[in-house]
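Participant: Sequence:
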Amino acid sequence: MSQQGYITTPPYSQGQPGMGGYPTGFGSATSQPHYGHYGGTGPLKPVSSPHGPSISVGHSPTSPPQFGQTSLQNGIYSPGNQMPSYAVSSPGSGQTPSFQFHGSHPQSMYQNTSPPAFTQQVIGQIGAMKISGYGSSQAPSQSDPSLSGPPLQPSFQGSQPQQRLPPISSPPTQGMSVAPAVPTATMPPGGAAPPPAGMNISHAGLNQGSVGYQQVPGQPPMAGYLQQQGGIYGGQQRGVQSNYPGTYPGAPATGAQLAGPQQKKLDPDSIPSPIQVIEEDKLRRSGQLFATNTRGQVPPLVTTKCVVQDQGNASPRFIRCTTYCFPSTADMAKQSQIPLAAVIKPFATLPANEAPVCVVSHRETGPIRCNRCKAYMCPLMQFIEGGRRYQCGFCSCVNEVPPFYFQHLDHMGRRLDQYDKPELSLGSYEFMATLDYCKNSKPPNPPAFIFMIDVSYSSIKIGCVKLICEELKTLLDKLPRADQAETSAIRVGFVTYNKVLHFYNLKSSLAQPQMLVVSDVGEMFVPLLDGFLVNVQESRNVINNLLDQIPEMFAETSESETVFAPVIQAGLEAMKAAECSGKLFIFQSSLPTAEAPGKLRNRDDRKLVNTDKEKVLFQSQSHFYETLAKDCVANSCCVDVFLFPNQFVDVSTMGVVPLATGGSLYKYNNFQIQPDGEHFLNDLRKDVQKSIGFDAIMRVRTNTGFRATEFLGSMYMNNTTDVELAAIDCDKAITVEFKHDDKLSEENGALIQCALLYTNVAGQRRLRIHNLALNCSSQHTDLYKSCETDALINFFAKSAYKAILNQPLKTVREILVNQTAHILACYRKNCASPSSAGQLILPEAMKLLPVYMNCLLKSYVLLGSPDIPTDERTFQRLQVTSMDVVGTQSFFYPRLVPIHKMDVNSEEIPAAVRCSEERLADGGIFLLANGINMFLWLGLNSPPELIQGIFNVPTFAHINTDLTSLPELDNPYSKKIRMIIDDIRSQSPYSMKLIILKQKEKSEGIFRQFLVEDKGIHGGASYVDFLCYVHKEIRQLLT
1 MSQQGYITTP PYSQGQPGMG GYPTGFGSAT SQPHYGHYGG TGPLKPVSSP
51 HGPSISVGHS PTSPPQFGQT SLQNGIYSPG NQMPSYAVSS PGSGQTPSFQ
101 FHGSHPQSMY QNTSPPAFTQ QVIGQIGAMK ISGYGSSQAP SQSDPSLSGP
151 PLQPSFQGSQ PQQRLPPISS PPTQGMSVAP AVPTATMPPG GAAPPPAGMN
201 ISHAGLNQGS VGYQQVPGQP PMAGYLQQQG GIYGGQQRGV QSNYPGTYPG
251 APATGAQLAG PQQKKLDPDS IPSPIQVIEE DKLRRSGQLF ATNTRGQVPP
301 LVTTKCVVQD QGNASPRFIR CTTYCFPSTA DMAKQSQIPL AAVIKPFATL
351 PANEAPVCVV SHRETGPIRC NRCKAYMCPL MQFIEGGRRY QCGFCSCVNE
401 VPPFYFQHLD HMGRRLDQYD KPELSLGSYE FMATLDYCKN SKPPNPPAFI
451 FMIDVSYSSI KIGCVKLICE ELKTLLDKLP RADQAETSAI RVGFVTYNKV
501 LHFYNLKSSL AQPQMLVVSD VGEMFVPLLD GFLVNVQESR NVINNLLDQI
551 PEMFAETSES ETVFAPVIQA GLEAMKAAEC SGKLFIFQSS LPTAEAPGKL
601 RNRDDRKLVN TDKEKVLFQS QSHFYETLAK DCVANSCCVD VFLFPNQFVD
651 VSTMGVVPLA TGGSLYKYNN FQIQPDGEHF LNDLRKDVQK SIGFDAIMRV
701 RTNTGFRATE FLGSMYMNNT TDVELAAIDC DKAITVEFKH DDKLSEENGA
751 LIQCALLYTN VAGQRRLRIH NLALNCSSQH TDLYKSCETD ALINFFAKSA
801 YKAILNQPLK TVREILVNQT AHILACYRKN CASPSSAGQL ILPEAMKLLP
851 VYMNCLLKSY VLLGSPDIPT DERTFQRLQV TSMDVVGTQS FFYPRLVPIH
901 KMDVNSEEIP AAVRCSEERL ADGGIFLLAN GINMFLWLGL NSPPELIQGI
951 FNVPTFAHIN TDLTSLPELD NPYSKKIRMI IDDIRSQSPY SMKLIILKQK
1001 EKSEGIFRQF LVEDKGIHGG ASYVDFLCYV HKEIRQLLT
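With our numbering applied, the sequence shown covers 1 to 1039.
Hints were generated in silico from the structure; no laboratory data involved.
From the three backbone atoms N, C-alpha and C, an ideal C-beta is built for every residue, glycine too.
Incorrect hints may have been included.
With a Cα cut of at most 35 Å, we get these calculated DSBU-like pairs of lysine-lysine [as the list claims (entries may be wrong)]: (1) K478 to K442; (2) K690 to K499; (3) K282 to K993.
Ranges of calculated distance between the beta carbons of each label pair, as one might list FRET restraints [what the hints assert, rightly or not]: (4) T329 to N669: 49 to 57 Å; (5) N669 to D548: 27 to 35 Å; (6) Q514 to E595: 25 to 33 Å.
Make the full structure from the sequences, and use the hints.
Facilitator: Structure representation (structure tokens):
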């Protein structure tokens, strides 16, 4: 059951004040050699080792400390800050272990390029490192063998050979009696020894009897599982604990953390790098064919471009799983605590070089289904008795094959026409639905789009109304259309509103549009039926006249109050009257304070942040909107809202209807035409033109042994099985969690079928089917080997963002950290080869779980900082709730592209660098994008030729940072950077406004908060410090 893996080097093998105490070893002593020397700047002395004779290590070059003891933020990266390389050899082994880089620097940056050199850069840092804030224990003497033990070597156990890097161990708890091993003269006042230079560490296994453990008041017992009351994130913890998750690692030393020599931080290159994992996967799998004919195959990462060939299982573009090998039993699933979930994106856009989804028609007979469980015909069905019957792969029911569908079997038991029928050979396909699948057994009418424009004073003043009207003149020619259709079947209607609503008759026979006003917003109705929803081509002249007249009609308005709920009611009533589904596009500029149903008050109260009442900020202030959302779903009315606020607009409440109906919410703070106009128009264009299905209902079926229990996304549920969607577009994903209700068979695996019934833009009723077969195993090793961290973070984010509606934030944060520690502790206990308790061992497929989890914990929603506007937190929550795996991956770990390294003669985009301030350089230009925000950061010493080529200005000082788009210049630099920006924008549902920032300017602060590996501006630990904390929790779980 042991599995080889990867061993990293977080900063925990030297004792660090504030980390709390770890009990001694887990498992037997390791048989692998360890590196036992951690030093500062002095010579290292021979160490005797149980693995072999004592060894002597020569002088380590001295270097100034890179970070101050109380440094709160990493300094700007410069070559002078690189860590020196030291020479070290492995005790007890004549062989030199191999190492693998986990940072973005090539080997050549190190003084010694032989394989061990990678480990040596951390020797001096680790020994002198100090992590403060996760507890209050003082630094004990570090040279006592019974404490240090075999050095900590975090490891990623997977398919890679085991690579051991310099280790780190955590300090014992306060109250341990430790004999100091350094001269007392060198100890600081108070008796706690600093990590000594040239310290020797024995390789003897940890001997619990050699240390006297004492229970410290207020601390949990050393043995057993950690007491969770009070929470890891936010409860009463060891040491100073304020906000998240306490006083941050790296915070200034408190009274319990005694001053010592100036400390250095661990080089982040020695811990797992998201960029390296991404680039390695690209190198291994980019451009290759990924055929889906094998059950339980783990697909390439979402960041790797490949060609998917459907050969019986749904493409990972449609379904991605947290693990592609489910545990056989509920006990095993509970033990590992790995969520079993699938992120389903039914309408995912397929690239041009992949086959589109096939459409199957059985005419009036309709799709063939299992009589018992109602699963649809798919490659998972087994034909028997010469083809006259088939056994359902989901419930094992034996069904008769209809006469029209009969076909003989070959000698392998397969139908002769298997590869002629998409439903027997492909993982994804569509059935034409019969009238049995239509409301009232009638074919649906084509859907409608209704544009509802706020014409209040603030909306007119900012120029929003005129901008929308001008854009719609051309955008209406680009409405979604069915395959091969020349024009769109979608009908359109228009409403303007402030305190009252104005409807427009656009009948093609009219010379001018007619306005009808409804002032009784308490009892909303549509004053006309014929002429409100019209065909764009037939009524083109009347529509253009209206769009010309709207800005003029309301140019002198003084009405500042608006309504909101009656606007949605009006659109809903219009669709009811027309007996069609559709979408409302609502453009709203302010909080709806006018007297009307759904009136809202300004309730922004940041005093509630970090209290048990904080959850109220994320809840709707009126149940009226929840009832309205339910009505909209029942009548297939999807709602998209575009907000243009200059103050609080209560996104929590105004986002209820878009979230429940499968719609989208867009927000443009302090909107101005010049900087924000193009950003808004690009969002509007994408939103109107995207492929979409209406009046949808989705059901996820599974085979015996497990079932779907939780659904997370932009949708509504009236019961426990049916996901109801007024509409679903190509960007929306539903995350589904599964639980065991019986034992799963390793032979049959875990089977999933997602069936989506919907109306397409032409008004046709369709059934889109996605099938996926996963492996099952009773071995933890198989489970961990098949995990996908990107999908796990998607699930964790959505479930946490849902939980904050009902639980305090500190509880939610606590659960996330606990589950992370449990997952990794279970791996250590059940899969890793026996080794020192000081090692942090991570699964190869999950080695990025700590960094991504820390990014999630530092997101606006979970931070709990009063500095962050409530609307921003709620807006982020709504956006993430409907994201797919691609969206959450880029959102939580942004892409940081070194533009100054771009090759103008290549189409390749430069490899991204890690999201840390250390990676920035004075002479560099960096583009950061996370799917919603985009920044161009300019170093003070940016190359003049790039400045000239990109901005067409002579010097850095002449750059205008108010620009939101780059000038289109006819030179290689300009063309290349604009190509990079366009490519990144094309991968996101949002257009991402470009913000240009200069190094050292005040506005740079907003950019820094996206450097997620560093300590957060609004709170939150750095990646290195969070890794320390997680390792401490793992050790406590294992003891």
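Participant: Each of the hints needs a verdict: does it hold here or not?
Facilitator: We went through each hint and held it up to the structure:
no.	hint	result
1	K478 to K442	28 Å, holds
2	K690 to K499	32 Å, holds
3	K282 to K993	28 Å, holds
4	T329 to N669: 49 to 57 Å	50 Å, holds
5	N669 to D548: 27 to 35 Å	29 Å, holds
6	Q514 to E595: 25 to 33 Å	27 Å, holds
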